[in-house]
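Asker: These are the residues of each chain, in order.
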Amino acid sequence: MEQFFQQLLNGLAVGGIYALVALGYTMVYGVLKLINFAHGDLFTIGAYLGLTLLVSGGLAGSLPPVLAVLLVFFMVGLLVALIGCALERVAYRPLRKAGRLSAVVSALGASIFFQNAVMLVYGARPYVYPNSLRPDFTIELFGYALPGMRVMVIAATVALMLALWAFIQKTRMGAAVRAVAIDQGAARLMGINVNRIISLVFLIGPGLGGMAGLLVGMYYGKIDFTMGWTYGLKAFTAAILGGIGNIPGAMLGGLLLGVVEALAASYVAFAWKDAVAFCVLILILIIRPTGILGERTADKL
Amino acid sequence: MNKWARSLAVAAMALLLPAYVQSADIKLGLMCPLTGKWASEGQDMKNIVELLVEKANASGGINGNKIELVVEDDAGDPRTAALAAQKLASAEVVAVIGTYGSAVTEASQNILDESGIVQIGTGSTSVRLTEKGLPLFFRTCPRDDAQGKAAADVIRKGGFKRVALLHDNSSYSKGLAEESRELLEKAGVQIVYYDALTPGEQDYTAILTKLKSASPDLLFFTGYYPETGMLLRQKKEMGWNVPMMGGDAANHQDLVKIAGKDAAAGYFFISPPLPQDIDTPEAQQFLKDFKAKFQALPVSVWAVVAGDACKALEAAFAAGKVESEDIAEWLKQQKNLPGLTGSLGFDAKGDRVGEFYRTYKVDGNGTFVLQPR
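Chains A and D, in that order, are what the protein sequence lines are. Residue numbers for the first sequence follow our numbering, so the first one is 1 and each next one is one higher. Residue numbers for the second sequence follow our numbering, so the first one is 1 and each next one is one higher.
Do not rely on the hints blindly, as some may be mistaken.
In silico lysine to any residue, SDA-like type, Cα no more than 25 Å apart, as pairs [as the list claims (entries may be wrong)]: (1) Lys174/D - Ala275/A; (2) Lys236/D - Asn116/A; (3) Lys97/A - Ala186/A; (4) Lys288/D - Gly342/D; (5) Lys37/D - Ala124/A; (6) Lys212/D - Val259/A; (7) Lys293/D - Lys261/D; (8) Lys37/D - Arg125/A; (9) Lys212/D - Ala186/A; (10) Lys261/D - Tyr122/A; (11) Lys257/D - Val259/A; (12) Lys174/D - Thr230/A; (13) Lys37/D - Gly123/A; (14) Lys37/D - Val69/A; (15) Lys212/D - Ala271/A; (16) Lys37/D - Thr226/A; (17) Lys149/D - Val369/D; (18) Lys257/D - Met149/A; (19) Lys236/D - Ala269/A; (20) Lys236/D - Val259/A; (21) Lys236/D - Val55/A.
Just a sample of chain D residues kept apart from chain A, beta carbon distances all over 12 Å, derived [stated by the list, open to error]: (22) Gly158; (23) Thr205; (24) Pro226; (25) Glu227; (26) Val242; (27) Lys261; (28) Ala348; (29) Val369.
Over the 12 Å line for every Cβ pair with chain D, so calculated as not near, a few chain A residues [as the list claims (entries may be wrong)]: (30) Gly11; (31) Ile112; (32) Asn131; (33) Glu261; (34) Ile292.
Note that these hints are calculated values from the structure, not bench results. These figures come from a predicted structure and were not determined experimentally. Just so you know, even glycine gets a beta-carbon here, dropped at the ideal spot from N, CA and C.
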């Protein structure tokens, strides 16, 4: 039983990261019907920028660690958001009238560009976050000793997801995002500036992805320029699992995928965990072709 | 041709071409990748062998005979290697050192064998090279299955009884894990866990949690250094201090960087030793000469074993063996020649004998320390 809870926690921490990255995929898809393949690489950029700001920016020395980390967390979010916004202007907006296939090819090109840019700037060898910046404590919960960092990753993920959910559901701007997702033409007729909403979506999605990159770097230590690929693939799966275009679906899909993987690793075999996770995906898509929470019929990718 | 006839022939040639015979009594070939993706290893092979030959010639040659070295580039490519082997055969060398890469060596094997030339492979670890029964082929590197044996020996001698084996599904890593499993089970060591992980991921806590429940007394991961580093780090964070070991793919300084010094301390792996870690007079002398000439250390152990091949051939020449059959026969009887990576010897198949693999342990400062046998 102890192992079950341990694995559940392992799965939730991994799944939380998947969910944060999946939010970026699903928001962009919801509004533009575009799979932003460069999203995983924005996540990588977040991890690298975080390291640069913490170490070279000298923030770690001049501020108390908690404050420095918190500040860097938001700075990374902002910087990656700006990169995401620029990406939309350069790579996607000129193609909005063209076919969807052109946009997908452009997204793949952007992904290759970002990955190699990171490699050229930082080099191909892996980087490691300094240990001194990582809070090292354990939390006692129901008699289990939980690594503090793990709990913090889950907490940060949940907080960010709740904030996003509240923004989309409770604010005027959020209502505009939802309106654009449902029907761009009608939204424009209602006086919504569609281009501005799309830019907003490209600020929020990549911003969350960049923060997820920083969380991964802080928690696991090692970062390398190809890390975005694995996380991007898993997060994309999570977005489909929950119903692509649906924000609570991405959260649910991410957490579910993480937990299924951890339990499969524990009770089947580690080598089979991806196979089991994808079998679950196929089963769910057979029963609910639009994903767990997906309502609208998914268009062909 | 009997000895008298040969002496007559040599005498006749000496009359016709006096300068040729005086300048080079023994022709030795070296085949190595001077260009292509393994050029850094190949250039080191050339540097090392040239250094040894120069030294032998400077001290008056071997039994008064000078060695002439003929170098051919194989570009790390099997087709180029076949051409290089033919060129060396037409240059009438008595023996060839090289080359790096099993597939490249394999392309040259038959050509050299048919020409009656002794070949000593260097960085060619594939098992099948010496299983073909070619009488003139040798190698100074270990075979792929030797590492499994060495690992099993280390585990047995360490007194570990419950071993968890983990590989990463690459052919090298899986092969090592399978080889070790078989040998350990024969030796009565219990394999409490056997599985593969997916390389390139960040989170291995799920598999570590599972491993912990199998309560092994040793964790043996046969993969490469990035995953090893992550496993060490996350194992430490779980507060689980089971010893962990690895194979020669873990021999990279980034391992300590990824794991962190605290988590890496106590980790051990098996790997061929570099000359800087061997205190035999031959290794130390070689290192001194190499540093003096090139102001650097050899890049890779796979280049140093080319020096071993040269040492073995020099020893054969010194024993008066200058015909390929004689050299091959003599080498197969040797078990303790002085080499650059420890003692050198060959079995009847031409494989290097002896325990080539050594254990390295990471100390508290993150340095890889060679362990005494």
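Asker: Tell me, which hint numbers fail for this structure?
Answerer: Going through the list in order, the structure violates hints 2, 7, 9, 11, 14, 23, 24, 25, 27, 30, 32 and 33 and respects the others.
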